[in-house]
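In order, the protein sequence lines correspond to chains A and B. Last residue of the first sequence: 481 (this note's numbering), numbering continuous. Last residue of the second sequence: 395 (this note's numbering), numbering continuous.
Bear in mind the hints are in silico, worked out from the structure with no lab data behind them.
Partial list, derived from the structure: chain A residues whose beta carbon lies under 10 Å from chain B:
{"hint": "1", "residue": "Met407"}
{"hint": "2", "residue": "Arg410"}
{"hint": "3", "residue": "Ala458"}
{"hint": "4", "residue": "Gln468"}
All C-beta atoms in this analysis are idealised placements derived from N, C-alpha and C, irrespective of residue type, glycine included.
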Amino acid sequence: NAGVTQTPKFRVLKTGQSMTLLCAQDMNHEYMYWYRQDPGMGLRLIHYSVGEGTTAKGEVPDGYNVSRLKKQNFLLGLESAAPSQTSVYFCASSPRRQGPSQPQHFGDGTRLSIL
Amino acid sequence: TQLLEQSPQFLSIQEGENLTVYCNSSSVFSSLQWYRQEPGEGPVLLVTVVTGGEVKKLKRLTFQFGDARKDSSLHITAAQPGDTGLYLCAGGRGLGGGATNKLIFGTGTLLAVQP
Chain A
367 NAGVTQTPKF
377 RVLKTGQSMT
387 LLCAQDMNHE
397 YMYWYRQDPG
407 MGLRLIHYSV
417 GEGTTAKGEV
427 PDGYNVSRLK
437 KQNFLLGLES
447 AAPSQTSVYF
457 CASSPRRQGP
467 SQPQHFGDGT
477 RLSIL
Chain B
281 TQLLEQSPQF
291 LSIQEGENLT
301 VYCNSSSVFS
311 SLQWYRQEPG
321 EGPVLLVTVV
331 TGGEVKKLKR
341 LTFQFGDARK
351 DSSLHITAAQ
361 PGDTGLYLCA
371 GGRGLGGGAT
381 NKLIFGTGTL
391 LAVQP
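Chain A on its own, in the form it takes in the complex:
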């Protein structure tokens, strides 16, 4: 029962390098999200997706791109990494249902350092 799986778990990049973070969920959830977590700031939404082939900007989208080509996968890309993007990145998913907020299921995070 994997839930939400993020790869890689750790990565160190040099300024200007690019990389892609992969998120995979096996719960058939429609919604997927990418957050970054920085000390004292909680979790901030970068981008999200309400279904396969759709993406939308969150609170802090600059410097990131995303793609949702398959329902189970949500990719986060950094085209030209900057030290300000050093953070812990979390992917989450939730079902699409009417009514109160559904629980979001999180992966264990990717710790990314930009030198």
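Mind docking chain B on chain A? Use the hints.
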């Protein structure tokens, strides 16, 4: 812009003590969730409250949603070392289409319970 402020930011207490964590906002939310996060892992949902004034209990944890749905509190009775972790509140906002899956996370409260 951080819409949800949590206090205190850090809390270190002895086993058996009681504590309260506060989550405050100037904005109204459709629902309020509380998550707990342990080191190296993603947040895990504890509870969702949806009605102003609602109180929910989860063993030694009591959650309350403010009457105006702008604030919430988490009270832990007789804290145990297993309660140690980062506590995050998250306010629910709409994504459109009636679904309310967009969450605004609070700044977090780091709790350490000493044996």
